[in-house]
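1 is the number of the first residue of the sequence shown in the UniProt record's numbering; add one for each residue after it.
Treat the hints as calculated values from the structure; they're not laboratory data. Hints may contain errors.
[What the hints assert, rightly or not] Simulated restraints, written as ranges between beta carbons of each label pair:
1) G623 with P234: 46 to 52 Å
2) A169 with D266: 37 to 43 Å
3) A549 with Q580: 21 to 27 Å
4) E254 with I545: 47 to 53 Å
5) A427 with K591: 54 to 60 Å
6) T569 with L453: 36 to 42 Å
7) G463 with N437: 17 to 23 Å
8) Y5 with T286: 55 to 61 Å
9) T286 with S614: 34 to 40 Å
10) K626 with H22: 52 to 58 Å
11) R319 with A578: 24 to 30 Å
12) K582 with S614: 28 to 34 Å
13) L284 with L453: 30 to 36 Å
This one's a predicted model, so the numbers in the text were calculated from it and none came from an experiment. Positions of the beta carbon are idealized from the N, C-alpha and C atoms, including for glycine.
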Amino acid sequence: MNFLYPGFLFALLAIAIPIVIHLFNFRKFKKIYFSNVQFLKEAKEQNSSREKLKHLLILMCRILAVAFLVFAFARPFIKSSSTNSPADRSVISIYIDNSYSMETVNKEGSLLDEAKRKAREIVKTYNLNDQFQLLTNDFEGKHQRLVNQDEFIQLLDEIKISPAGRSLAQIINRQQAEYAANTNHIAYLLSDFQKGFAGTEPLRSNPGVSVNFIKLNANNLPNIAVDSVWSLSPVHQPGQAEQIVVRLKNYGEEDAAEIPVKLTIDQQQKAIGNVAVKAGASVLDTLSFSGLKAGWQKGKVGIKDFPLTFDDELNFSFRVNKELKVLSINGDASEKFIRSLFSSDPYFKLTETPESNIRYSTFSEYSLIVLNGLKNPSSGLAQQLKGYVQNGGSVVVFPDLDAGAAVYTPFLTAMALPPVQQLVTGAPISSTIDLKNPVFKDVFDQVPRNMDLPVVNRYFSYGDQNSSLKESILQLPLGRSLFAKYNLGAGQVYLSAASLTIADGNLPRHPVFVPLMYKVAFASVREQPLFYTIGLNNLLESPKIDLLANQSLKLVTDQFEVIPEVRQTPGKTLLYIADQVKKAGFYELRKADSTLAVMAFNDNRTESDMHYASEPELTSLFGKQKVSVYNSKRDALSLNIQAKNSSTELWKLCLILVLVFLVLEILLIRFFNNPKNIQTA
Numbered sequence: 001m002n003f004l005y006p007g008f009l010f011a012l013l014a015i016a017i018p019i020v021i022h023l024f025n026f027r028k029f030k031k032i033y034f035s036n037v038q039f040l041k042e043a044k045e046q047n048s049s050r051e052k053l054k055h056l057l058i059l060m061c062r063i064l065a066v067a068f069l070v071f072a073f074a075r076p077f078i079k080s081s082s083t084n085s086p087a088d089r090s091v092i093s094i095y096i097d098n099s100y101s102m103e104t105v106n107k108e109g110s111l112l113d114e115a116k117r118k119a120r121e122i123v124k125t126y127n128l129n130d131q132f133q134l135l136t137n138d139f140e141g142k143h144q145r146l147v148n149q150d151e152f153i154q155l156l157d158e159i160k161i162s163p164a165g166r167s168l169a170q171i172i173n174r175q176q177a178e179y180a181a182n183t184n185h186i187a188y189l190l191s192d193f194q195k196g197f198a199g200t201e202p203l204r205s206n207p208g209v210s211v212n213f214i215k216l217n218a219n220n221l222p223n224i225a226v227d228s229v230w231s232l233s234p235v236h237q238p239g240q241a242e243q244i245v246v247r248l249k250n251y252g253e254e255d256a257a258e259i260p261v262k263l264t265i266d267q268q269q270k271a272i273g274n275v276a277v278k279a280g281a282s283v284l285d286t287l288s289f290s291g292l293k294a295g296w297q298k299g300k301v302g303i304k305d306f307p308l309t310f311d312d313e314l315n316f317s318f319r320v321n322k323e324l325k326v327l328s329i330n331g332d333a334s335e336k337f338i339r340s341l342f343s344s345d346p347y348f349k350l351t352e353t354p355e356s357n358i359r360y361s362t363f364s365e366y367s368l369i370v371l372n373g374l375k376n377p378s379s380g381l382a383q384q385l386k387g388y389v390q391n392g393g394s395v396v397v398f399p400d401l402d403a404g405a406a407v408y409t410p411f412l413t414a415m416a417l418p419p420v421q422q423l424v425t426g427a428p429i430s431s432t433i434d435l436k437n438p439v440f441k442d443v444f445d446q447v448p449r450n451m452d453l454p455v456v457n458r459y460f461s462y463g464d465q466n467s468s469l470k471e472s473i474l475q476l477p478l479g480r481s482l483f484a485k486y487n488l489g490a491g492q493v494y495l496s497a498a499s500l501t502i503a504d505g506n507l508p509r510h511p512v513f514v515p516l517m518y519k520v521a522f523a524s525v526r527e528q529p530l531f532y533t534i535g536l537n538n539l540l541e542s543p544k545i546d547l548l549a550n551q552s553l554k555l556v557t558d559q560f561e562v563i564p565e566v567r568q569t570p571g572k573t574l575l576y577i578a579d580q581v582k583k584a585g586f587y588e589l590r591k592a593d594s595t596l597a598v599m600a601f602n603d604n605r606t607e608s609d610m611h612y613a614s615e616p617e618l619t620s621l622f623g624k625q626k627v628s629v630y631n632s633k634r635d636a637l638s639l640n641i642q643a644k645n646s647s648t649e650l651w652k653l654c655l656i657l658v659l660v661f662l663v664l665e666i667l668l669i670r671f672f673n674n675p676k677n678i679q680t681a
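Produce the complete structure using the sequences and hints provided.
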């Protein structure tokens, strides 16, 4: 016989109470004087043995009543005596949710500790020859095999809170895919079943698998999380003012006020703030700072919010470039507009080269290449520029209209750009500006009604091919573009219909020209994401990294490194990290001893939402398929044990025996040896 709750057996010490009562007879005696006691002595001798027997029987009834009452609370059961063959043994898969939300507490302690206790109770109700699988959010290799009861308990004790996040669909699929051929497959899932974990998509379960949800109940806790950050600065320059936008989200049921926000970069405090967040709402806060040096920056936004703290910090990283390199290939050495534009700002490092002396090998060193009035662009240049753009580069083309369509059409088509249809001349034509284009974001504080627009006297009219790739920034009548962007491969080409010659129009002297070209240059800088989310971003992108045959890349943090799978694509290098990154923090991307990038990882914010799926919501996910949902408060583990593992429960029999012995005690007291005893002094 086994007990589901053996701890109650300590209450058997209560058996001592009726024994003590039996040993000390607390009856009060009354003295009665008789002249002759001969007949009383005979009566006493006859009743003495029956009185002792009565007391012993009452004592036994009381002892057995107390004992079986204790047994009833300990929930005894008898395992099946039949010995199953290996083919008939049961496979029990138990999932323990070890996400951050399981750190919350209730009357039983932390939810993770409660889940471990329930899992032990489940295991003990099965036969010794049954096999068990333990599953957590980590999907560790040691959990991908079947173990016996003792090994399962050992693995259970090793479970700790993990930043890894999974969905209910992933858990169901993993539990049922491993041992689908087994006919006696039983699955248990112990979790708080957050709504983000459960999801809303319909789920399907293998009809041959008995699925049991054991819902752990947590106390409702307020929680405010640092949800995300993004930068308002188009590029990061040394010493320049920067702005970071922080989004905080209140997952609680009450408003929160005076939440301190702190921004640190490279462990130096750069800005502080103080915000209020309404219940269930989000709020944005802009933090300004400056004084950055060139190189990779490790930033962190933090708040103080108790008792849940795993989402109080958010890591991010970015690179401050010392300079932005621009190459201008000039058809006319006297051209001055591009030189004046980029030479006025020390952040731009302009290199000029004549059309006749182009060094193709240096293209990869520049973020932006400007073709300024080339008189005879060659097919070789077109092929080199096409490869440069495919690999993520940016090119701006200002044609020389005097060269004509016969020269520029082969050049443009070789770069996968539209051909020149004709050279349009005539009266000056005003263009229109697409102010909603990202290029002009934050350029105009207020748009005047009668805005001065660029005017052109002559221009190239291009064909309509590749229109799906075209994004008009400055537009002419009849749907023709004055300045358009074409996305090609990993890069982009900006094609102008007019030249920078004053005789062709006023574009180079128009006030819109400077912000237009600066924004084009800023957009040529390929920025990596500020941060990645653990469990969601398993594919990382990096600018093209050239590797030798036996060379590899590594993601390195404190006493831990990840070797990602590397795949080369046009213009970028893809890094597959799978589930190797499990801890939030900063990871350096290294090639040999050189650091190529710093990448920030954060925990998934789906764990921040402390709202839980109800039992009807869980069952509705499976439609008409039958799944069992138990609530830990109602002692779900003791329900249907016999149906689960062919065991026989005895607690009802114990309660019946308690009543039987209490009735026997009453009958003994009332009807056994009832005549009065008279005891002499």
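Now the hints, each set against the structure:
Between G623 and P234, the C-beta spacing of about 50 Å keeps the proposed range 46 to 52 Å intact. Taking 37 to 43 Å as the suggested C-beta distance range, the pair A169 and D266 conforms, at roughly 40 Å. Between A549 and Q580 the C-beta distance comes to about 23 Å, which sits within the given range of 21 to 27 Å. Evaluation of the 47 to 53 Å hint for E254 and I545 yields a pass: the beta carbon distance comes to about 49 Å.
Between A427 and K591 the beta carbon distance is about 58 Å. The supplied range of 54 to 60 Å therefore holds. Evaluation of the 36 to 42 Å hint for T569 and L453 yields a pass: the beta carbon distance comes to about 40 Å. Distance hint check for G463 and N437: the Cβ-Cβ separation is about 22 Å, which falls inside the suggested range of 17 to 23 Å. Between Y5 and T286 the CB atoms are about 57 Å apart, so this pair conforms to the stated range of 55 to 61 Å.
Roughly 39 Å separates the CB atoms of T286 and S614, a value that falls within the hinted 34 to 40 Å. The supplied range of 52 to 58 Å is met by K626 and H22, whose beta-carbon atoms lie about 54 Å from each other. Separation of R319 from A578 is about 26 Å and conforms to the stated range, judged on CB atoms against 24 to 30 Å. A C-beta distance of roughly 31 Å is found between K582 and S614, which places it inside the suggested range of 28 to 34 Å.
At roughly 34 Å, the beta-carbon separation of L284 and L453 lies within the given 30 to 36 Å, and the hint holds.
Checked against the numbered hints listed earlier, the structure breaks none of them; every hint is satisfied.
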